[in-house]
Amino acid sequence: MARARFGGAKEREALAERLPLVVIACAIAALAAAQPQPAVKKHVLAWADVRNGYQHDSISHAVATIERLGRESGAYDTIIRTDSQLITKQPITFPAGTGIATGEQFNVRNLQYFDAIFFFGVREIDLSAPQRADLLSFVRDDGKGFVAAHAASTAFFSWPEFGELLGGRFDEHPWEIAEGTVVVDDPQFPAMRHFPPRVVVRDELYQLKDFSRGKVHVLAHLDASKLDLTVPLVHRKDGDFPVAWSKSYGKGRVFYSILGHDADDWDNPLLQQMYFQAIRWSLRLTE
Amino acid sequence: MTRQGFQERDAFPPPLAKRGRELRWTRRSAFGAKAGRRAAFLAACVGLMVAMAWTGPEALQQPPGARGRGAGRGAAPRTRKAVLAWADTRNGIAQHDSVSHALAVIERLGYESGVYDTYIRTDSSVISKHPTMTDGKPASGGPSLANVDAIFFLGHRDVQLDAQQKGDLLSFIKNEGKGFVASHTALTAFESWPEFGELLGGRYDGHPWNTAYGTVINEDAGFPATRHLAPTFAFTDEFYQPKELSRDKVHVLLRLDLGKMPPNAELHAANGDFALAWAKTYGKGRVFYSSLGHAASTWDNPDVYRMYFEALKWSMGLTDGDATPRPKPLG
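Chain order of the listed sequences is A and B. Just so you know, the first sequence maps onto residues 435 to 721 in our numbering. Just so you know, the second sequence maps onto residues 609 to 939 in our numbering.
Hints are computed from structural coordinates only; laboratory data are not their basis. Every value quoted in this text rests on a predicted model; they were computed, and no experiment measured them. Keep in mind that a hint or two might mislead.
[Unchecked claim] Each computed DMTMM-like pair below joins lysine to aspartate or glutamate, with the alpha-carbon atoms no more than 25 Å apart: (1) A/Lys523 with A/Asp619; (2) B/Lys737 with A/Glu558; (3) A/Lys475 with A/Asp511; (4) B/Lys936 with B/Asp911; (5) B/Lys745 with A/Asp576; (6) B/Lys737 with A/Asp560; (7) B/Lys868 with B/Asp813; (8) B/Lys745 with A/Glu558; (9) A/Lys475 with B/Asp908; (10) B/Lys936 with B/Asp865; (11) B/Lys851 with B/Glu799; (12) A/Lys649 with A/Asp698; (13) B/Lys857 with B/Asp908; (14) A/Lys523 with B/Asp908; (15) B/Lys774 with A/Asp511; (16) A/Lys523 with A/Asp511; (17) A/Lys475 with B/Glu803; (18) A/Lys681 with A/Asp576; (19) A/Lys475 with A/Asp576; (20) B/Lys745 with A/Asp511; (21) A/Lys523 with B/Asp705; (22) A/Lys649 with A/Glu598; (23) A/Lys660 with A/Asp619.
[Unchecked claim] Pairwise CB distance ranges (calculated): (24) A/Asp657 with B/Thr740: 38 to 48 Å; (25) B/Asn783 with A/Tyr488: 25 to 35 Å; (26) A/Tyr488 with B/Leu938: 49 to 59 Å.
[Stated by the list, open to error] To give an idea of the chain B side of the interface with chain A (calculated C-beta under 7 Å), a few residues: (27) Gln703; (28) Ser706; (29) Gly750.
Positions of the beta carbon are idealized from the N, C-alpha and C atoms, including for glycine.
Bound-form chain B, shown alone (with noise of 0.2 Å):
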């Protein structure tokens, strides 16, 4: 398979991320001729032109060569926010084939608007504010609760954290106001933890009609994750139902049309009310869930992985949305 090929096939995202990635490698002085460098400065040009576009004028605040993370040892401090990805899912029935795909295009949207570093991993030994290798010794370096800025979470039933890394990882949220942002599978993790439901806002129950075709209604298209999306849209996934959740207590986004699905018997919510999407405070933190995203081509979506990133930005306060709880609209 030529590059050629890749380029040609390469559907994912959008213009940008191929602009993005020539942009950085013909950049690079180590390989270009002088045609290269001719080429690399007018994709220079349009791949400014088209991150200003998709990104907004976050990502142009960083200053020059902040984009990749070449730098290596001595390198200068870091200018992009640093994303956890944390997906633990060792504990496991239902590993899902979505989850390292979902992981790749969260690094991915970081690494090509410059917003964020991304950090994968599906351990759980970093967080912690004081990470450990596998033998107890203290870990060489690396990301931990103490140098990240948010986390993008897709574990699922009970990761395994011991007590002091349960209070980093609340305390990470509460006490410092760091990011949390989760996906799908995440509202099945820690089902023994009570704090945890708090934290992200509910538990799951099911998925009465496993993977459907629904109508999605925007609650909020004021919101940065979520602005994106129309008044209404069809959407084909696997809707988890979420229980313990109180729009006392969160701000719903996205929630399922029950009007339009199917009557069935596993669907508990009484009063018509199935949250698809979530903003919420814990602490002084700010947390995202939503529970698009179960198979791995919907994170080829534009609209699905736009507001997964969207989230980010805002958890990680380089935008602002309102989160405060508000009861279901009617209509």
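Same shape as in the complex, but just chain A (with noise of 0.2 Å):
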């Protein structure tokens, strides 16, 4: 071609047009290269079935919160489901007669495709005796991560091994939403350490119970001290409010909080950078 690159006027004024995106473009890459990178981007499933309860109005929020962490961190791509039929590790197949336009069939994704689950779900979610047994082997056997918030301690009571997997359970809110000075246990662990070693939030405030601190490692926990230990729904004598914990299930991470009840606790840094260092702890890309 005899002609000179960017020799036409239409070519320069192209150009033109294009330098501030060029440069965006740029200074993005360079911000993106300045981030740790996964070699492989993870795979979260957000799984929230709230089929069977009090389904809190921040929940949504939060699932598309914790999507959006991962995308815009470029840690891991994110699933919601709200129900759950990607508990298995069986394939997922559909039977006939169910509307499948043709026997094709992808990316229908189950447990093996995940890294690690984030979840939200309540009460006595509907699941299988297999479908029971994967979702512990998930954690226990293939070492995968599970990172459970707030209503997360009412699901399964009626399931001893998920209060086992998950560490204790929900024991009613005494104060309903209310102050509570958390202090952290534990600044070292990559979940809190942007927390201050003292710091008030407000939130629905929940009492845990058969959790034993042999078996899981308190993070941070409420000041007894602040808070009416009259009011009726006081079972703890001990005093021993946990905020969130970390542990392990077999091979598997399991982190736990009782935070985030309304929507925009969800907006808040300190719990958004919780809740998404507790799941790159989970995928073991931090220790």
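Dock the two chains into a complex; use the hints.
Below you can see the structure in the form of structure tokens.
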């Protein structure tokens, strides 16, 4: 070609138009390069089956926020589901007569595809026995992550093994939505590093039961001296009110926090970073 | 990763979103030091200005405190609209990787503008005026067709609904005048249910070029959902070919310029008409469909998310637009 590069007026114009975009693209690329990226993007299932209980208004905003944090950081992709179809390691098949146009199936995920679950389901979720076994095995045997928020401790009361997995159970919220002072127990833990040693939060403060400090690593707790322990539903005589803990379950990593009742709690950078870093930890992106 | 890391890389949506977030969390007294409150005030001012520029006056008519929905129990009655973002994809083939991102974007647009609250659901138990738990007992509160103002639908193929649910869904739009905004794979949904085709205004007939580059013609720059779009614009997407679509029944907003597409044996549009977005009424209700949005990244395109956001507002009667069917414009 005889014509020089950028020779014509049109080309020059086009370049001038694109130049700001190119600069922006370079800036974004430079910023992106500055962030440590996992070699392969992880896959998180944001699972919030709320069909059998009270749907907190915050849940949709919570799962959308978890999705955004993964997407913007590049750490993981999220699939949001409020049904429990994907909680299985078996191939998901479709019986004849359910309206599937062809026998072709692709992109049907199951637990094998995911590296961690972010769980915000409530109460008695309808899972078959094989599904329950696959969920436990996902964490225990496959070493995958399980990060659970707020009402997750109300889930599966009738299933003892789930209590073992999570590390404890919901035991009312004696103060309803109230201010509490969070005291950080382990400031070195990835999900706690950004916390000040003590901070006042306003949330629906859960009292937990059936947990043991011999089995869970409490990361933060509520300062009992700042709580009214005379309200009727306070059951813990020892004043031990964990806010967040980490634990292992077999080969897998588990994190739970009571925080996140209201939608705008999920806009609080303290809480966002806590769950985001907990997910990264559960994915073994941090230690 | 630090918080700063997020903000620097936070490219979507443009400034409004970031300021909106700052506005909300810095406002919280629980975390606000004095400096934080000053910053919050500044952020609030800037945020408000950006919000005015971006969302128009509707959002600002919300009473103070309407932003965010964190009032918890005993909260004042709902002042924002409620959208059910419904994407039951259990039945099937071709699970799109974009679905979760699309749902999250729809949620974010409503949240940050203060126009609506979103309930994301990938099950269909709330597609009913009397939703039930999985064991058939009545559900304990939560969203249902009795309390949301519009549905954003991104399901596909034959979603499992019983006859009662199907009746409730049609009545929600037809009799109660609620909104129905549907995207991309929605055109493949309920193949075996004729009334759904009537509701949506068309059916899926493949995507002849798969994901391809094309030129989109904006047929109605006066309609709220397409007002921000150029008369013609280049776009890359998996363009769905509609069938059983009649310009006697729908108001086409966007169509693909077939004159600029390569020949394709799967192209069935005999008259050169290939609609990519349309509006219509169904009884008393307003319906919008667009096939744009195959890839997750498409939902980060402001032209696209604004189209769906404005379509939702229109479907809920917050804005008006002409959905009268009309013939294909000449030229």
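Check the structure against each numbered hint from earlier and tell me which ones fail, lowest number first. Hints 1, 5, 12, 13, 14, 15, 17, 20, 28 are the ones this structure does not satisfy, whereas the remaining hints hold.
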